[in-house]
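J.: So the chains spell out like this:
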Amino acid sequence: MNEIVAKPFELRAKSDLAVEVTQLFELFRSPLFRYLSTLGLTAHDAEEIIQEVFLALFRHLKEGKPRDNLRGWVFRCGHNLALKLRTRVQGRTSGLSDFESHADPDPNPEQLAVARQQHARLAAVYRSLPERERACLALRAEGFRYREIADIQGMSLGAVAGALSRALGKLARVEALL
Amino acid sequence: MSHLSDRDLLLYLDGECPAARVEAIADHLHQCDGCRFRKDELSSAAREFEKQYEALDVPPIQEPRTSLLAELNKIESRFGWRERMLVATAAAVLIGLTLRTSWPVRLPETDFAPVPSLTPGATRAISRAEVCADESEHGELRMASKVASQVFHNYGIDSPAPRSYEIDYLIPADLGGSDDPRNLWPQPYARGVWNARVKDALEDRLRALVCSGKLDLATAQRDLARDWIGAYKRYFRTDKPLLDHVAFYKDRPWE
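For the record, the sequence lines run as chains A and B. Read in order, the letters of the first sequence are residues 371 to 548 in my numbering. Read in order, the letters of the second sequence are residues -6 to 248 in my numbering.
In case anyone wonders, no lab produced these hints; they're calculated from the structure. A hint or two may mislead.
Stated by the list, open to error - In silico DSS-like pairs for lysine-lysine, Cα to Cα no more than 25 Å straight-line: (1) B/K139 <-> A/K540; (2) B/K207 <-> B/K233; (3) A/K454 <-> A/K384; (4) A/K384 <-> A/K432; (5) A/K384 <-> B/K67; (6) B/K139 <-> A/K432; (7) B/K207 <-> B/K67; (8) A/K435 <-> B/K44; (9) B/K67 <-> B/K233; (10) B/K44 <-> B/K67; (11) A/K384 <-> B/K44; (12) A/K435 <-> A/K454; (13) B/K44 <-> B/K32; (14) B/K233 <-> A/K540.
What the hints assert, rightly or not - Now the stretches of chain B that chain A is said to cover, found in silico as 3 or more residues with beta-carbon under 8 Å: (15) 9 to 22; (16) 41 to 50.
What the hints assert, rightly or not - To give an idea of the interface, some chain B residues facing chain A are shown, with a C-beta separation under 10 Å as derived from the structure: (17) S(-2); (18) R31; (19) L65; (20) S70; (21) D197; (22) A201; (23) D216; (24) D220; (25) I222.
Glycine included, every Cβ here is placed at the ideal spot set by N, Cα and C.
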């Protein structure tokens, strides 16, 4: 009797729309996960929110609603769900600690130590930023235009520019001191 | 012109500056070492941030992707059931017949509930004495890989993850269920509320009732085949799985 050989899990999608949403998931999950981490969500909570976002996207598309700027849609939905979750569950461990866990790939031990120190100080400043500034920085790093950042966070264009310049100003001051 | 603000510099750097201001800012930068230096500082801080941001760990995608797809398929199945119910109802009205089908009206409560058209249940000839023989005499059943593959295929699962499913007998073998694919379905082993572990507990209960003469074998088989969750609720007088049963272990997961 033959044993079944273990293979990577692969479910077959039951519709073209399920295929499309899964492809969008593959495309946007990592960026959205990083963004939700900057909002202080734990990895577990971030994964839960991402699942909710893509199920909502599936319903959105199934109902024939607009398809323009789905990346922005996904982030906006994730942002709103994250805020809702946080009001429900206060006091969970912040995912921001991840921000200082990455070692510089530089092999020189001395440079590595300096880079780690710089990284740690930048990370400390980053964590101390108000949430809006952190979120704006993250979305800017994801390549969103200011208009899109404003839309995702439900703030004005001027407020985005203000938050970004304040945040980068603080990070630049730390860099200058290093 | 006074020095440029961080905000102006950033708008300029990011190409977000109003067209009317771009030229004036560029001119100022050309002449002012201080503002040029500040622009470079902001730009460097932004680059450093981006480097660290992009290095943030993201867990592997495989598992969440599978969960999502399973959920999407579940939603699609529900739509499928609704459409089928509509067609069936319309047909019954047209031909003036009372609609008596076995299609479930209730939506499935498990991740992969047995689909009646794929898994209606199938039995083999067995006596009560055989059912109630010492459990050790039943031996451990190993399912032929061909049969397991057929069941996974029927349910649209191409490459099942090891240890995630039990190929479950809708009517268990020790209650006379056959190993025909019509009696088999892939049940997530420990996921969802009404999972394989809970069903295993019900099977043991029914077997005990049959062997103590409190229930006849055909009724036990029918209850399992029609709606095992409903049967569980009736036999255990509960609306949700009992805590002991959530961790109940009888059958090995499929590997």
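J.: Against this structure, judge whether each hint is valid.
T.: Here's how the hints hold up against the structure:
1. Among the hinted pairs, B/K139 with A/K540 is inconsistent with the structure: their alpha-carbon atoms are about 64 Å apart, more than 25 Å.
2. Between B/K207 and B/K233 the CA atoms are separated by roughly 24 Å; this keeps the pair inside 25 Å, and the hint holds.
3. Pair hint A/K454 plus A/K384 does not hold up; C-alpha atoms about 31 Å apart against a cutoff of 25 Å.
4. For the suggested pair A/K384 and A/K432, the alpha carbons sit about 14 Å apart, so the restraint of at most 25 Å is met.
5. Taken as a hint, the A/K384 and B/K67 pair is honoured in the structure, with Cα atoms around 9 Å apart against an allowance of 25 Å.
6. With a C-alpha separation of about 36 Å, the suggested pair B/K139 and A/K432 falls outside the 25 Å cut-off, and the hint is violated.
7. With a C-alpha separation of about 37 Å, the suggested pair B/K207 and B/K67 falls outside the 25 Å cut-off, and the hint is violated.
8. Simply put, A/K435 and B/K44 have alpha-carbon atoms about 36 Å apart, too far for the 25 Å limit, and the pair is violated.
9. Between B/K67 and B/K233 the alpha-carbon distance is near 21 Å, which keeps this suggested pair within the 25 Å criterion.
10. As the CA atoms of B/K44 and B/K67 are separated by approximately 39 Å, the hinted pair breaks the 25 Å bound.
11. Of the supplied pair hints, the one linking A/K384 and B/K44 is violated, its CA atoms being roughly 39 Å apart against a limit of 25 Å.
12. Proximity of A/K435 to A/K454 is assessed by CA-CA distance (about 23 Å); at most 25 Å being required, the pair is judged to hold.
13. In summary, the hint linking B/K44 to B/K32 is supported, as the alpha carbons are separated by about 18 Å, within the 25 Å threshold.
14. A threshold of 25 Å between alpha carbons decides the hint, and for B/K233 with A/K540 the separation of about 54 Å lies outside it, so the pair is violated.
15. Beta-carbon proximity to chain A at under 8 Å applies to 1 residues in the stretch 9 to 22 of chain B; the threshold of 3 is not reached and the given coverage is violated.
16. A count of 9 residues in the stretch 41 to 50 of chain B with a Cβ less than 8 Å from any Cβ of chain A is obtained; the coverage claim is therefore met, three being the minimum.
17. A hinted interface residue such as B/S(-2) counts as satisfied when its beta carbon comes closer than 10 Å to some beta carbon of chain A; here the least separation is about 7 Å, so the hint holds.
18. Taking 10 Å as the C-beta contact cut-off toward chain A, the hint placing B/R31 at the interface holds, the least distance being around 8 Å.
19. Checking B/L65 against chain A by beta carbon gives a least distance of about 4 Å; that is within 10 Å, so the hint holds.
20. At a threshold of 10 Å, the smallest CB-CB gap from B/S70 to chain A is about 7 Å, leaving the interface hint in force.
21. The interface hint given for B/D197 is violated, since its Cβ lies 26 Å from the closest Cβ of chain A, which is over the 10 Å cut-off.
22. Taking 10 Å as the C-beta cut-off, the interface hint given for B/A201 is violated, the closest approach to chain A being about 31 Å.
23. With a least beta-carbon distance of about 30 Å to chain A, the hint placing B/D216 at the interface is violated under the 10 Å criterion.
24. Residue-level restraint check for B/D220 is violated (minimum Cβ-Cβ distance to chain A is 23 Å; threshold 10 Å).
25. Annotation: interface hint on B/I222 violated; nearest CB of chain A at approximately 23 Å, more than 10 Å.
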